[in-house]
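Student: Chain residues, written in single-letter form:
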Amino acid sequence: MIRVALKGLAGRKLRTLLTALAIVLGVAMVSGTYVLTDTIQKAFDAIFTESYRGTSAVVTGRTAFSAGEQNGEIGAVSFPETLLARVRTRPTVDAAIGGVADETQLLGRDGEVITSGGAPNLGFSVDPTQPRFNALTLTSGGWPRAGEVAIDEATADEQDYAVGDTIGVFAAGPVERMRISGIVRFGAVSSIGGATLAAFDLPTAQKLFGKEGQLDQIRIAAREDVSPAELVADVRKVLPPTAQVRTGSSQARTEAQGTSEFIGFLQKFLLAFGGIALFVGSFVIANTLSITIAQRTREFATIRTLGGSRRQILWSVVLEALVIGVLASLVGLFLGLALAKGLNAVFVHFGIDLPNTGLVFATRTIVVSLLVGIGVTVLASLRPALRATRVAPISAVREGATLPPGRLARLRPVGALLLAGGGLAALLFGLFRDGLGTELVLLAMGGGALLVFFGVALFAAKLVRPLAGTLGWPSSRFGGVAGRLARDNARRNPARTASTAAALMIGLALVTLVAVLGQGIRSTFTDSVEALFVADYALTAQNNFGSLPVAVGEAAAKSPGVEAAAGVRSGEARVAGKTEWITAVDPDIAQLIDVEWAEGSAAVPAQLGRDGVFLDEDYATKRRLSIGSPLKLLTPTGRRLQLKVEGVFDPPPGGSPFGAITMSSTLFDASYPQPKNQMTFLNTRGGVSEENTRALEAALKPFPNAKVQTRQDFIDAQAEALGQILNILYVLLALSVVVSLFGIVNTLVLTVFERTRELGMLRAVGMTRRQVRRMIRHESVVTALIGAALGIALGVLFGALLIARVDFIEFAFPVFSVVLFTLAAIAAGIVAAILPARRAARLNVLDALQYE
Amino acid sequence: MTEVVTVERERAGAGDPVVDARDVTRRYGAGDTAVDALRGVSLGVDPGQLIAVMGPSGSGKSTLMHIMAGLDKPTSGEVTIAGTSIGTLSDTELTKLRRRHIGFVFQFFNLLPMLTAEENIELPLSLAGRKAEGAFFEDLLERVGLADRRTHRPAELSGGQQQRVAIARALVSRPTVVFADEPTGNLDSRTSGEILELMRDAVETYGQTTVMVTHDARAASIADRILFLADGLIVRDIGRSDASEILAAMNELSDR
Ligand SMILES: Nc1ncnc2c1ncn2[C@@H]1O[C@H](COP(=O)(O)OP(=O)(O)OP(=O)(O)O)[C@@H](O)[C@H]1O
Ligand SMILES: [Mg+2]
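Protein chains in written order, with my numbering: chain A, 18 to 869; chain B, 251 to 506.
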């Protein structure tokens with residue numbers, strides 16, 4: 018029996034190959050994700066370990082509460098430089114150096130900020146007299162002296178900078194031009210994931226970052242015979258509450274944690290798409306096996322007459338699936354490796370080269386990829402295998418015997434509806450039931466969506482006739498005889514057409530969901546910007562989300578023609594035991610950003626003074642606060658502020674630039690170190706004009722990271738950022754659409770095979786090869802359109818439900834995207850038909866007629 | 251081994267029919283369109299005999315054969331195969347029964363295209379988890395004239411050769427009875443002759459009980475007993491006859 022199964026597979030190579038492809042892509046995505054994320058993780062671990070190689074202990078500033086994310090050196094609070102001297106006096110300390118670090122942009126030869134794919138721009142101090150603390154190595158030139166900078170090799174190469182050149186450096190103040198003293202590498206690599214590096218001597222760095230007399234970090238080397246733990250315990254004795262000390266390795270781990278979390282998220286995110294592709298693949302497998310089994314009815318019946326038991330039939334089919342699963346998973350595993358390698362090469366090409374640690378091919382990657390691939394294939398084979406066991410032996414002697422319908426066939430539509438209904442109920446439960454944990458919500462929603470897909474796919478057989486009738490109308494109207502036959506063919510075996518279309522439906526439902534959400538976010542955001550944004554101009558960082566030194570806003574305010582200017586700063590604070598996102602505004606803000614006031618009036622922002630705040634209405638309601646309520650707030654540096662609520666505003670659905678709590682910029686600047694503006698809004702005499710724009714740009718010349726935007730620019734920039742995210746999602750979902758295309762190809766190839774005799778007859782009575790090809794093509798397009806119709810409907814439904822739940826997005830129908838997806842489905846159908854149509858057209862009439 | 255011995259024993263109990271049909275009827279469909287393919291047929295197949303079943307198209311020959319072989323269930327009446335009444339058997343029990351007692355030869359050969367001739371022949375044994383007895387298997391291959399074709403696939407064999415493979419496949423498990431539905435229906439007259447010789451040979455050398463449906467008087471002339479069916483009833487039952495006697499009987503029936 019094993020032999021029958023294996024030889025059968027060998028005899029149907031093309032079909033086996035096409036079936037396997039459905040799983041290969043999903044597995045490749047899974048293994049590629051693991052390899053890529055493991056590799057990145059290892060690279061970053063290496064970076065952080067390298068960075069603290071010669072350091073026994075590290076002193077850093079301590080925030081008053083654990084803020085959302087303390088990503089490495091940047092973002093932590095600074096502490097007074099005087100601490101260094103005290104640390105040095107400790108008996109366990111052999112050597113100690115102080116350092117500062119902050120975001121630092123370098124300017125290219127064109128005067129523009131050098132960026133590479135969102136990688137950070139790192140600036141920090143180095144102390145070449147203490148090489149043991151220094152993870153940098155010089156490749157040319159010397160270490161920076163006062164007023165000089167050393168830059169990384171990758172940036173120098175790319176921008177054609179050499180030792181002795183001057184380069185623009187931009188941190189907290191206006192751009193400074195510095196001489197390049199040397200070119201450095203981090204350890205052995207020319208760049209860390211595309212980040213730009215700028216190294217200074219300590220006083221220069223302090224001045225540049227606005228941290229005179231302050232340090233971000235003290236690196237300590239222990240005396241001989243002193244363990245890092247003893248050193249930490251000893252140093253801790255002299256630390257103020259605003260500083261903390263960790264061993265070098267523990268500091269490396271802490272800093273790596275932020276990246277680990279991000280990589281972990283990236284991993285789950287990408288795996289989800291691998292999972293979707295596998296889910297779609299399981300439909301393709303189940304469908305292909307069902308068709309092959311139907312075609313082999315006679316073979317199974319003969320085996321049954323010869324004494325084959327049901328169990329043997331079952332196992333032969335499952336075994337076949339197992340072999341396909343093993344082959345596909347192995348291929349997928351290595352394709353994934355190649356995929357990761359390719360992506361890595363792409364990164365390197367764009368200058369994001371990771372420290373070369375080699376691709377990490379963990380045992381876990383192999384085990385999970387194989388298990389998942391084989392498991393999905395075998396599971397998908399169970400239903401067809403069970404059907405095969407129902408073939409009656411007598412079918413061996415009957416002409417045109419077909420698979421008997423299952424015992425539950427009559428109940429199928431009902432069962433399908435129940436399944437879809439149950440799925441929808443789970444989905445709604447997950448969405449609208451309050452107080453569920455995140456995991457339960459995701460489980461209910463994911464599981465619910467899965468059930469809905471299954472239910473609709475099963476029920477779709479009932480919808481094929483009407484849908485094919487409607488969607489196939491253009492084919493039958495304009496495709497001539499071939500088109501008419503195509504439409505009838507699509508309706509001939511509804512169950513088969515339905516499950517072929519169902520695979521495409523899943524991909525399209527998800528793509529449509531993304532489009533609906535994207536459209537909703539875009540239109541809600543646009544509406545709220547249009548409602549709020551009464552200013553003429555906004556200043557943001559070049560990347561739209563970074564922050565800018567307060568000096569930028571001040572410079573812009575002094576530009577001729579500016580009548581009103583106000584910045585919005587942001588930070589975190591601890592209020593009533595919770596960490597909140599807070600903002601601070603300049604007095605003029607009410608002239609520039611027009612919010613509705615639930616309590617108080619537009620005069621409030623100008624009258625906040627040193628102890629007033631205004632609140633977002635959602636926050637105020639949740640905390641039962643209103644005008645006059647007292648509010649206690651703790652800043653990251655440990656300052657306790659006693660505040661009073663002066664007003665409550667009602668944000669539009671698309672959100673506002675203000676956080677839950679907003680204070681005056683005067684108070685903020687006094688309480689928060691190194692304040693920066695998230696955005697700055699401006700009104701100019703005569704509104705938006707070329708002249709005003711030019712004047713502003715001239716005033717901002719020293720701040721190359723600042724971007725002047727009109728309201729429309731601002732909306733466009735945000736829409737563009739959103740568009741990029743949508744595009745990434747589309748590309749990832751395209752994988753599952755491709756898998757479903759293999760499904761269409763598969764079904765058509767099998768159908769052509771099955772109808773060999775009929776095609777021969779059609780050719781014999783005068784159908785041309787062209788007409789044959791057209792007939793297959795139209796059948797393919799009709800099938801694809803059925804999948805598209807179902808998928809788009811489901812996607813819109815899911816999107817509408819999700820939007821109904823989250824109150825900050827409003828529903829908007831993505832007309833353009835839906836038209837585009839429909840056209841794409843038609844194109845997909847045409848592409849999928851190429852191979853089957855060629856095979857059908859190539860049939861020799863005589864052979865086809867004699868085919869048995 | 252033990253299985254073969256039991257088969258021998260059952261066969262040795264001469265007199266008891268190996269397959270026995272009692273008052274079998276078979277109705278296809280229901281209501282106005284119902285067709286009565288068999289309308290009360292009783293028949294005992296004695297061991298070691300070759301029975302030919304003849305009759306016009308649609309007379310119920312195939313239906314009778316399917317029912318006697320346990321492929322189909324009668325609407326009423328009882329069928330006993332090797333002493334077991336099959337009416338109440340489960341699918342698994344019926345499958346086991348088929349494995350031990352029944353061999354098939356089909357009009358369209360029904361070979362598995364991906365297996366070689368030899369593998370096709372061995373298939374019933376493989377399914378039962380048994381191995382062919384070397385000497386018997388070689389003798390069988392020799393007898394059906396396929397000794398030099400064993401690694402060929404069905405597509406590489408002529409129709410006659412394919413039917414030889416099918417016959418060897420039916421004989422390989424030494425079943426109690428072999429059923430053949432128009433085994434020569436798809437072959438030319440010369441090849442038919444060879445196949446018939448082969449079937450007769452199996453009866454002579456192995457004592458193989460065989461039931462064969464045929465339209466061909468010449469084919470029926472190798473039988474020990476010839477049954478004529480018409481409209482779902484046995485209308486004549488004669489002993490060994492030559493082709494002209496059989497033709498005469500056929501004409502007589504169709505004239506009626
Ligand atoms: N599966 C079926 N469903 C309905 N009617 C059937 C079925 N099989 C056979 N019949 C009918 O039963 C009757 C007997 O058919 P059967 O196949 O036994 O005839 P036969 O004697 O073998 O004919 P032939 O010589 O043409 O093979 C015929 O009228 C046939 O139409
Ligand atoms: Mg017949």
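Just so you know, the hints here were simulated from the structure itself, not pulled from any lab data. Where hints are given, some of them may not hold.
[Unchecked claim] Taking lysine-lysine pairs in the DSSO-like style, the calculated list, with each CA pair at most 30 Å apart, reads:
1) K30(A) with K59(A)
2) K323(B) with K24(A)
3) K639(A) with K381(B)
[Said to hold, decoys possible] With the C-beta cut set under 10 Å, the calculated list includes, among others, these residues of chain B facing chain A:
4) M315
5) T338
6) T342
7) R350
8) G353
9) L483
10) I484
Idealized CB from N, CA, C, for every residue including glycine.
Student: Against this structure, judge whether each hint is valid.
Tutor: Hint-by-hint comparison with the structure:
For the suggested pair K30(A) and K59(A), the alpha carbons sit about 41 Å apart, so the restraint of at most 30 Å is broken. Taking the CA atoms of K323(B) and K24(A), the gap is near 33 Å; set against the 30 Å cutoff, the hint is violated. Annotation: proposed proximity of K639(A) to K381(B) is violated, straight-line Cα distance about 80 Å (limit 30 Å). Given hint, M315(B) at the interface with chain A, holds; its Cβ is 9 Å from that chain's nearest Cβ, closer than 10 Å.
With its C-beta approaching chain A no nearer than about 18 Å, T338(B) sits outside the 10 Å limit, and its interface hint is violated. Nearest Cβ of chain A to the Cβ of T342(B): about 6 Å, under the 10 Å cut. The hint holds. For the restraint placing R350(B) at the interface with chain A, the shortest Cβ-Cβ distance is roughly 8 Å, inside the 10 Å limit, so the hint holds. At about 8 Å, the closest approach between the beta carbon of G353(B) and any beta carbon in chain A falls short of 10 Å, and the interface hint on this residue holds.
For L483(B), the interface hint is violated, since its Cβ never comes within 10 Å of a Cβ in chain A; the closest pair sits about 22 Å apart. Hint status for I484(B) relative to chain A: violated, with the closest Cβ pair at about 21 Å, above 10 Å.
Consistency with the previously given hints fails for numbers 1, 2, 3, 5, 9 and 10, ordered from lowest to highest.
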